[in-house]
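Fit chain W to the supplied structure of chain L, relying on the hints for placement.
Sequence order for the protein chains is L and W. First residue of the first sequence: 0, per numbering that gives the first Met the number 0; consecutive thereafter. First residue of the second sequence: 0, per numbering that gives the first Met the number 0; consecutive thereafter.
Hints should not be assumed to be uniformly reliable.
Stated by the list, open to error - Distance condition first, Cα-Cα at most 30 Å in a straight line; then the derived BS3-like pairs of lysine-lysine:
id, chain 1, residue 1, chain 2, residue 2
1, L, K454, W, K385
2, L, K110, L, K66
3, L, K66, W, K340
4, L, K487, L, K685
5, L, K82, L, K110
6, L, K87, L, K72
7, W, K34, L, K642
8, L, K777, L, K685
9, W, K9, L, K642
10, W, K295, W, K340
11, W, K334, L, K487
12, W, K105, L, K454
13, L, K335, L, K296
14, L, K685, L, K761
15, L, K29, L, K118
16, W, K216, W, K201
17, L, K72, L, K3
18, W, K334, W, K302
19, L, K72, L, K29
20, L, K549, L, K619
21, L, K3, L, K155
22, L, K619, W, K34
23, W, K34, L, K503
24, L, K642, W, K105
25, W, K385, W, K295
26, L, K82, L, K29
If you're looking for bench data, these hints aren't it; they were derived computationally from the structure. Note that the coordinates shown come from a computational prediction; the quantities given were computed from them, not determined experimentally.
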Amino acid sequence: MNLKFPELSLVVLIGPSGSGKSSFAARHFKPTEVLSSDFCRALVSDDENNQAATGDAFEVLHYIASKRLAAGKLTVVDATSVKPEDRKPLVALARQYHCLPVAIVFNLPEKLCQERNEKRDDRNFGSHVIRQQSRHMRQSIKRLQREGFRHHFVLKSEEEIEAVSIERTPLWNNLRQETGPFDIIGDVHGCCDELEELLGELGYETVESDGRASYKHPEGRKAIFVGDLVDRGPRILDTVFLVRSMAQAGGAWAVPGNHDMKLARALKGRDVQVTHGLDRSLGEIDALPAEQRDVVKKEIIEFLDGLVSHYVYDEGRLVVAHAGMREEMQGRGSGKVRDFALYGETTGETDEFGLPVRYNWPLEYRGHARVVYGHTPVPEPEWLNKTVNIDTGCVFGGKLTALRYPDLEFVSVPARQTYAEPAAKPFIPEEEQATSLTAQQRHDDVLDLEDVFGKRIVATRLAGNLTLREENAAAALEVMSRFAVDPKWLIYLPPAMSPSETSKREGLLEHPSEAFAYRHEGQASVICQEKHMGSRAVVIVCRNAEAAQKRFGVLGDAAGICYTRTGRRFFDDADLETTFLGRVRNAVDSAGFWDEFQTNWICLDAELMPWSAKAQELVKTQYAAVGAAGRAGLPSVVEALEKAAANGIDVDGLRQNFAERLELLNRYVDAYGNYCWPIESLDDLKLAPFHIMATEGAVHIDRDHGWHMERLRYLASFGEPLLMATANVEVDVLVEQSQAAAIAWWEDMTGKGGEGMVVKPKSFIAKGRRGLAQPAVKCRGREYLRIIYGPDYTIPENLDRLRSRALGGKRSVARREFVIGIEGLERFVRGEPLRRVHECAFAVLAMESEPVDPRL
Amino acid sequence: MLLTITTTRKPATDLGYLLHKNPARPQTFDASFGKVHVFYPEATEERCTAAMLLDVDPVGLVRRPKGSGGTLAQYVNDRPYAASSFLSVAISRIYGSALGGRSKEKADLVDSRIPLEAHLPSLPCRGGESFLRALFEPLGYEVEATNHLLDARFPDWGESPYFSVTLRAETRLQDLLGHLYVLIPVLDNAKHYWVSQDEIEKLLRHGEGWLTSHPAKDEIVRRYFKRRWSLAREALSKLVEEEEPNLDEEEEARAFEEAVVEERISLNEARLGSVVAALRSARAHRVLDLGCGEGKLLQLLVKDPQFEEIAGMDLSLRSLDTAESRLHLDRLAPKQRERIKLLHGSLMYRDRRLERFDAAAVVEVIEHLDEPRLAAFERVVFDFAKPGTVVVTTPNSEYNARFENLAAGTFRHRDHRFEWTRSEFQGWAGGVAERFGYSVRFVPVGPEDQEVGSPTQMAVFSR
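Only chain L is shown next, with the shape it has when bound in the complex:
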């Protein structure tokens, strides 16, 4: 016997103990697909046959079954299930997850079951038990249909069981293997003129099919109709037959709309109210010559009844349904799924026009598939959380819209006239016309904690899935909420950077030779950039406030922002920020970047100097304080030791030691002083951008660092004193002379009090031997490192100990933050919902809180 049922089913095996359910399950299903009550009894009580544990065992079984069904996995329940009350919760479970319950009954002679049980020494319950189970089982058979098991099979003998084969059938809605390209077309409502025009616009050509006109795309594109082909409009039958012939020729699919279903019911003679334009459909049929009428009716009924509630295309990346589809219903089949596809979801309330209030399911949609739907006319198609409504109300005088997939381009033709008036409600709600923000931007005004909090896995293009720990997310939440700027601006947080490997040279902890280790990663060409000692700053400049509103969804007159590596506004003074941004904007104007990049905004990764501008408190309480303490104390120490020495006490070693310490302390004070200067006005600030991170439509990681340096030097060349180009040299790490020149450059720079340099593989994204190479390493100067490792760090005894430092953790953080930073920008540039962009900024902040040696 061939048992055929859908690939996603809840299969319930029914039969008394000893009827062979478990061996059957083992033969036909994967071990993980089978949930056995015996096994669950053992899980909770260590004893398969402990009847006292039955209640707990079934709780576990139902729990696992629900997780599997939610994940879309076929599940087999191996328990006796002979009584209706045993099966009822299983049917409910299947319904909850929109899949089909399937029953397989093992109706074997009671005697056989008794014999089998007697042979097993772990089953010593009395023969009356089997007798009862058999009786219940036989009584069940005729009730199964009514209980909800539309698929049920009864196996009556050992031979029959032996001969069973099982066929899992895909659901009708499963078109995952169809990858497009598609043209998805909104509610037509009999506007066949516009449909024909739209198809022409999309490149379809007319063909003859069965004596009727049809359309076909020369490049094999296929059309998908979101339903509501009928009612209201002027050429309803033409529309239906056009779509039908395209579908029959394999060039189109249609999903049913509520109007289509209602027409089918009306044609079948059911009692329906002739409202909302149904009269137009019926009128066209009535106008047909009498001899055609019945044939046409029959054809329409057949076509409409054959429509599948919704489709899942392109490996699950695209879902089309008339009124949309929640994630958990996609690719499932049940009455509820069909209802949702036709009508959407209503809250049960009605609005001031007496229409049902629709539950706005896209607001909460978090699925991976794009959902394209229609049903409710909207003025413009707008993406919201990967869903889009393309019913642009053609029949009400709007337009007929198609979405090209995977290009995601909208193509529309205007209605030639207004064919119908909307029932009660104005077609375009007034408030939505009022604001300039898109639906997605309005929705993104408030982010949901669930989208950022707790342990999370962030999927990235460059490095796959990255995991965030809960405690780090908690730290990020506090900082994000208390100090960070509006998340709408926070499209990028810069990554940490690791130092080069530790140098073994005398008196040094870091040296360029180690930074050139990129050769081990297969990167011959690197770029060395002067490392400025200031504070990391992300600067976003928009062409004007209007551009900022449009692209970032912010309200007000801000036309850009400058924030720190932790997302905090750089300038407390709003006027100062405006002036600062204005000056950067002028430079961008002069450089002609708006046109060069076809953009109205630009995001720069930069260093803003002096260090004391933002880190004033830290400089004072940490660095200057240590200097002051030392300068207060050390001279007295040296003096006391000299006095003792003068009195003939043997303290010479100590005296020298502390005199050296005083000298080192003075050098330390000089070192931090280099990075501090008072700020009277903007002219005292210096901004040194080193990456053009992103502009409209592009994250510039396909350009190498030479390009970034060159374009930014150009930006700084228009006389804006605020902007500073970054000195840099390119090095071929395989060539000794090339290395030597860069080392000399570094020595010169750090000798003059510079912080050091950053070495990057020339290409922005460099693949090393084990995945992504470090995107950059820093190589800091000897004097600068005094403010990191303490004034005395160069004393050999200290240096020897400091050389053992583990870089692995820092490198891992640097690499992950880099990947996630880029991911966030790519999501922003693609126009993804803010929560997806914010997830990345939040993740970078969380990773920054990982316990890594802060001196690296």
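Here is chain W on its own, set in the frame of chain L:
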């Protein structure tokens, strides 16, 4: 790091007997933080000076294995230069006999008051010179103190906490050492660098006999028992170190300042009382305290059986920890425990855990949010959580003029992003009520002034 003790009592070299250290022979001792050297810069009949020099090894302290205690966070650290609890440790180890008042050779001298001078070239005085004087002058010392600038190249950075200090008195050496032993760590007040918990107890033991009658006793003891640095805070402090290097200390100090400013009228009690009254009269059973802080309002709510379910939310894990212990959550009976929930969360994000409550209190919270981000707060509370009643309190900035110890134009708390006048607050609240379908009434909290109103303003929104 350097302590010199000088006497001029002839023969001055007897100091060597008192300290059990030979003036002719420099000595070096090992210590947990590095080395200690003792030597005499001068030793004559007229004048004898003993120097104790701490050779602190910051590299060793930072790199100490985890769990061995007392580690420094930074290599760049004032410990090698400044007098600190390490000096107390050295006094008890190396001048132990003198501190204990024992001397074999000069037993009679131990109990004599002799002219003594202690010099500390780099003594951190948190609390300034006045606090330094308040500590030593009552004990009979003549105090000479010179402050050092943070950095002479940047005079506008101001003064550093470090002083060169000389203390002079006619006293027993034992007493001088005991005073230094206890008071140096008090002045330093660096809670992260306590050597260990038992050291604190030892330190306090040396206060016997004089600490109980010292006028600054409370402050001395308070500084000893400040909260210790927790690992949980390290993750956070890493994120804000650049701008807020001492987040915890600052927060304590700020809360203290605000309390001082508002003290005269014990405003906080009045405020919480008004909030509880508003929640009661709203007949709320399930209540939220948004921004519950350390749980003062929660403590009041728990006492009233009308509130069947109470949830406190805060952004700060540290505050929630305090709230948890303040409410004794671990010791409550199961039924009581079920009534209370503490949530870590943020008012900047929609949070489904906040839905389906009867009422929410938002006490002294909004002024800590950046004004542009109030829009998110409004939607989180009034659009998504939408409790039947929302009670919001915030300072009335008009009243600030009545606070004597608040400079004009400054806020009551340094983290306040704004403080509103009555009309500003009422304008905002009216707009919120209209946008989200609430009605709102305003209640003054604290003594009302004819001209400037009450110190705190409260809005009660109901749906």
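**Asked** Which of the stated hints cannot be reconciled with the structure, identified by number in ascending sequence?
**Response** Violated hints (numbers, rising): 2, 11, 12, 20; every other hint is consistent with the structure.
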